Amino acid sequence: MSDSLLEQYLLESRECLEVADKSLLALEREPDAAPLIDALFRALHTLKGGAGLFDFAPITQVTHAAESALSQVREHLSDLTPALISVLFEVLDSLTRWLESIDVGEHLDTVASEQAGILVQRLAPFLPVDISSPAPRVETDFSWTSELPEAAWLKPNARIADARTALVYTPDEGCFFSGDDPLALMLGLPGLLALHLETQRALPPLDALETYQCYLKFFALSDASQSDLADYCRPVMEQVALAPLVAPLPLQPLFRQVLEAQLQILDLPQTAQSLSRIAGIIQVLRNALRFTQNAVALTLLETASALENSDTKLAALRSLLHTLINDSGPESGLSTATEKSGDDAAPSTAPSRAKSASPKWIKVEQIKIDQLLDLLGELAVAQNGLLHRLESDDAHKLITQVRERHDRMQRTVQDLQDLGLSLRMLPLSQVLQRLPRLTRDLAQQMGKQVRIEMEGEDAEADKRVVENLAEPLLHIVRNSIGHGIESVPERLAAGKSAQGLISVRAFHRGEQVVIEIHDDGKGMDALAIKKKALAQKLIKPEIAEQLTNEALLQLVFLPGFSTAEAVSEVAGRGVGMDVVKSVVESVGGQVTISSQLGQGTTVSLYLPVDIALTKVMTVAVAEQLFGIPMAQVRHTLRAPRTALRRIKKKQAFAFRDQILPLYHLRELLALPEAHAPAAEVAIVVMETPRGQLGLAVDAFAEPNNVVVKPMAGILRGLNQYAGNALLPDGSILLVLDMREVLSLAH
Amino acid sequence: MPIDLQAERAHLRGKCRLEDAEALREWLQQNPACELDLSACTHLHSGVLQIILAHGQLPIACPSDASFARWLAHYIESVHAS
Numbered sequence: 001m002s003d004s005l006l007e008q009y010l011l012e013s014r015e016c017l018e019v020a021d022k023s024l025l026a027l028e029r030e031p032d033a034a035p036l037i038d039a040l041f042r043a044l045h046t047l048k049g050g051a052g053l054f055d056f057a058p059i060t061q062v063t064h065a066a067e068s069a070l071s072q073v074r075e076h077l078s079d080l081t082p083a084l085i086s087v088l089f090e091v092l093d094s095l096t097r098w099l100e101s102i103d104v105g106e107h108l109d110t111v112a113s114e115q116a117g118i119l120v121q122r123l124a125p126f127l128p129v130d131i132s133s134p135a136p137r138v139e140t141d142f143s144w145t146s147e148l149p150e151a152a153w154l155k156p157n158a159r160i161a162d163a164r165t166a167l168v169y170t171p172d173e174g175c176f177f178s179g180d181d182p183l184a185l186m187l188g189l190p191g192l193l194a195l196h197l198e199t200q201r202a203l204p205p206l207d208a209l210e211t212y213q214c215y216l217k218f219f220a221l222s223d224a225s226q227s228d229l230a231d232y233c234r235p236v237m238e239q240v241a242l243a244p245l246v247a248p249l250p251l252q253p254l255f256r257q258v259l260e261a262q263l264q265i266l267d268l269p270q271t272a273q274s275l276s277r278i279a280g281i282i283q284v285l286r287n288a289l290r291f292t293q294n295a296v297a298l299t300l301l302e303t304a305s306a307l308e309n310s311d312t313k314l315a316a317l318r319s320l321l322h323t324l325i326n327d328s329g330p331e332s333g334l335s336t337a338t339e340k341s342g343d344d345a346a347p348s349t350a351p352s353r354a355k356s357a358s359p360k361w362i363k364v365e366q367i368k369i370d371q372l373l374d375l376l377g378e379l380a381v382a383q384n385g386l387l388h389r390l391e392s393d394d395a396h397k398l399i400t401q402v403r404e405r406h407d408r409m410q411r412t413v414q415d416l417q418d419l420g421l422s423l424r425m426l427p428l429s430q431v432l433q434r435l436p437r438l439t440r441d442l443a444q445q446m447g448k449q450v451r452i453e454m455e456g457e458d459a460e461a462d463k464r465v466v467e468n469l470a471e472p473l474l475h476i477v478r479n480s481i482g483h484g485i486e487s488v489p490e491r492l493a494a495g496k497s498a499q500g501l502i503s504v505r506a507f508h509r510g511e512q513v514v515i516e517i518h519d520d521g522k523g524m525d526a527l528a529i530k531k532k533a534l535a536q537k538l539i540k541p542e543i544a545e546q547l548t549n550e551a552l553l554q555l556v557f558l559p560g561f562s563t564a565e566a567v568s569e570v571a572g573r574g575v576g577m578d579v580v581k582s583v584v585e586s587v588g589g590q591v592t593i594s595s596q597l598g599q600g601t602t603v604s605l606y607l608p609v610d611i612a613l614t615k616v617m618t619v620a621v622a623e624q625l626f627g628i629p630m631a632q633v634r635h636t637l638r639a640p641r642t643a644l645r646r647i648k649k650k651q652a653f654a655f656r657d658q659i660l661p662l663y664h665l666r667e668l669l670a671l672p673e674a675h676a677p678a679a680e681v682a683i684v685v686m687e688t689p690r691g692q693l694g695l696a697v698d699a700f701a702e703p704n705n706v707v708v709k710p711m712a713g714i715l716r717g718l719n720q721y722a723g724n725a726l727l728p729d730g731s732i733l734l735v736l737d738m739r740e741v742l743s744l745a746h
Numbered sequence: 001m002p003i004d005l006q007a008e009r010a011h012l013r014g015k016c017r018l019e020d021a022e023a024l025r026e027w028l029q030q031n032p033a034c035e036l037d038l039s040a041c042t043h044l045h046s047g048v049l050q051i052i053l054a055h056g057q058l059p060i061a062c063p064s065d066a067s068f069a070r071w072l073a074h075y076i077e078s079v080h081a082s
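These protein sequences, in sequence, are chains P and R.
Each residue of the first sequence is one higher than the last, beginning at 1 in the numbering used here.
Each residue of the second sequence is one higher than the last, beginning at 1 in the numbering used here.
In case anyone wonders, no lab produced these hints; they're calculated from the structure.
Quantities reported herein were computed from a predicted structural model and do not represent experimental measurements.
Among the clues, some could well be false.
To be verified - Below are the DSS-like pairs computed for lysine-lysine, each with C-alpha atoms no more than 30 Å apart in a straight line:
(1) P:Lys363 to P:Lys615
(2) R:Lys15 to P:Lys155
(3) R:Lys15 to P:Lys217
(4) P:Lys463 to P:Lys709
(5) P:Lys615 to P:Lys532
(6) P:Lys363 to P:Lys217
To be verified - Which chain R residues face chain P? A few, computed with CB under 7 Å, are given here:
(7) Pro2
(8) Lys15
(9) Glu22
(10) Ala23
(11) Trp27
(12) Leu53
(13) His55
(14) Gln57
(15) Leu58
(16) Ile60
(17) Arg70
Backbone N, C-alpha and C fix where the C-beta goes; we use that ideal spot for every residue, glycine too.
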């Protein structure tokens, strides 16, 4: 099967899953909406059809069962109950995971087959009784597996723990006429461990026995996967029922994969992000161990995470991970997850969807391709015209004509550049549309009532910005539901409505796109945050005293702060805010938090619309040019030197009825002093997470759109520079990383 | 022929097929006290197995595969008793 066909299928599948997810969410509120049921049905049907082409058996099996269950609903033979909706959400989550695995070149392994078996089993109660299905029937009664006589074990020393799949084979009475030999079929079963025999009805005495009628019924245990057995039994599939032996069994390989991934992360070279990485690992482990109900390991983990010395902490975590990985065999306590915890796991799958691999494709409107070709055509005409003009003898005329052509080409190139950038633009809905589902799952999991409202999903930003938003948004919404929005009794006691509200608003502001996530929960306690930050020695007492409440709230973005769970309980904010900050900053954005105790919290993300081109303000200091990202520049002004004030040891100036602190870029970058200070100071008023401030420079130059390239070679170590860019006259512009530069001031 | 029916003992050898089932059934009906020797038997068709189960008497010699021999002996007893 060709790769392009597969890519087409994956692209189409992703769309189908989005439609299905959206429809199912809406159906939860309106379970009778026929158009939504139809849309969901169609999406599943399309997924099934494609999967058949590539022989993705688990996908075919699950979509077929889900489709059958929905058919019952469509034909009014059953209702779309919350239980069915919940299973269908699990189906969509698994399909998403499988398609992502296929997308990164992995095969759907036996784990997928077993998961498919579990899902089909969960769907079984919603299926028509006599479903003529190519998929195997599902056996739900396993009591016989625990009552097997010793003699049934055909494989020496095999035990029930070795079995992965159970099979019940009830041959047709007339199967001998079709040439079947059920016993031969069973004895040849892949991975056969035990075979139990019963009769379908009491065996008559010899003289009454019908020689050509089959009276037998077989029960088998195998260590092969369900899909392998399904393949083997295909000719008699309608007489066979198959099921994975215990539902949570497939967790073991998954659990091991999670642990191994953490170990790999732990072994990465240490960088500035190490601290937040370790915090992430601890959180993942905590969730995994809670999920597998491993209390001993959980205690070890908490002990390790409380260690202050980072080397000791790393060593403790590494040792714990090694122990867990070696211990996660079938007999360890790690695999004892119950059916109940399997249910609990459902919401945790949504976050994994949010982190889905970034699509390699961008959908482009036809009209943009046409525009691109038009512009390229214009450019070609202009180029030919230039050649034609060169034949002229009149030098003066030639210069005029070349200049005219140059102007025309410049416009075309500008249009081309704009178009190129617009091709990379994606609507924010790509990531925002996942939030309703996430909200639903988390609220359900935490026993809270939460609804989400969204506005401005059509706002666009560069592909890389949009794709990087999934994780920060996930953390923010999770914190809002987990720590912001109160439980129903708490809300009622506070005079609020029982249902909490998260409102997400996206809008363009200048060169930025802003996303505000507001919850009407209990808000954050700035004083509690201060107290904890001091207790953890994350901030010096003298600095803490100077910080406003607004500034104190920003402390939750410190890595050390957000890993302390006790703090989150007090301050009403959970872990992961440092992750939010680092991801947002990695795409050139900023994040701030504001809150009113008792009223709620708002997290605001300020993101660049496009990151291929950065608009920079060019300033001169000590006869050198520097670029300051325009997104942070609010205003420029010239003030007489006499207007500057001195407050304690710091300089300040008046700007629109405010007194703002003033920093000199010359001092911050340790550049030589000017011989004769000018009478006027050029000031760039900047927006920073700590509020507005002024940056004194020698002179302003033109703003420019530049492509910022990272610093290379030994210059890479200079943190105060975000990168360098080529100016139109060929000179090099050093672009400042204002966060680093200003940290020199603090 | 895989089933060799002698006066008081039936030898089942190699692979016993469905075609052999009817002959075995008639012979067992006529000789209810006879002995079955499966020591050289490598496979029993389900149809043949049913007849042995219905007859309910343990063979004097079981197939050489120990696990299968034990299996067969257990189910002849348990199925017949049920």
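Right, here's what the structure says about each hint:
{"no.": "1", "hint": "P:Lys363 to P:Lys615", "result": "holds (26 Å)"}
{"no.": "2", "hint": "R:Lys15 to P:Lys155", "result": "holds (21 Å)"}
{"no.": "3", "hint": "R:Lys15 to P:Lys217", "result": "holds (21 Å)"}
{"no.": "4", "hint": "P:Lys463 to P:Lys709", "result": "holds (18 Å)"}
{"no.": "5", "hint": "P:Lys615 to P:Lys532", "result": "violated (39 Å)"}
{"no.": "6", "hint": "P:Lys363 to P:Lys217", "result": "violated (55 Å)"}
{"no.": "7", "hint": "Pro2", "result": "violated (14 Å)"}
{"no.": "8", "hint": "Lys15", "result": "violated (9 Å)"}
{"no.": "9", "hint": "Glu22", "result": "holds (5 Å)"}
{"no.": "10", "hint": "Ala23", "result": "violated (10 Å)"}
{"no.": "11", "hint": "Trp27", "result": "violated (10 Å)"}
{"no.": "12", "hint": "Leu53", "result": "holds (6 Å)"}
{"no.": "13", "hint": "His55", "result": "holds (6 Å)"}
{"no.": "14", "hint": "Gln57", "result": "violated (11 Å)"}
{"no.": "15", "hint": "Leu58", "result": "violated (13 Å)"}
{"no.": "16", "hint": "Ile60", "result": "violated (19 Å)"}
{"no.": "17", "hint": "Arg70", "result": "holds (5 Å)"}
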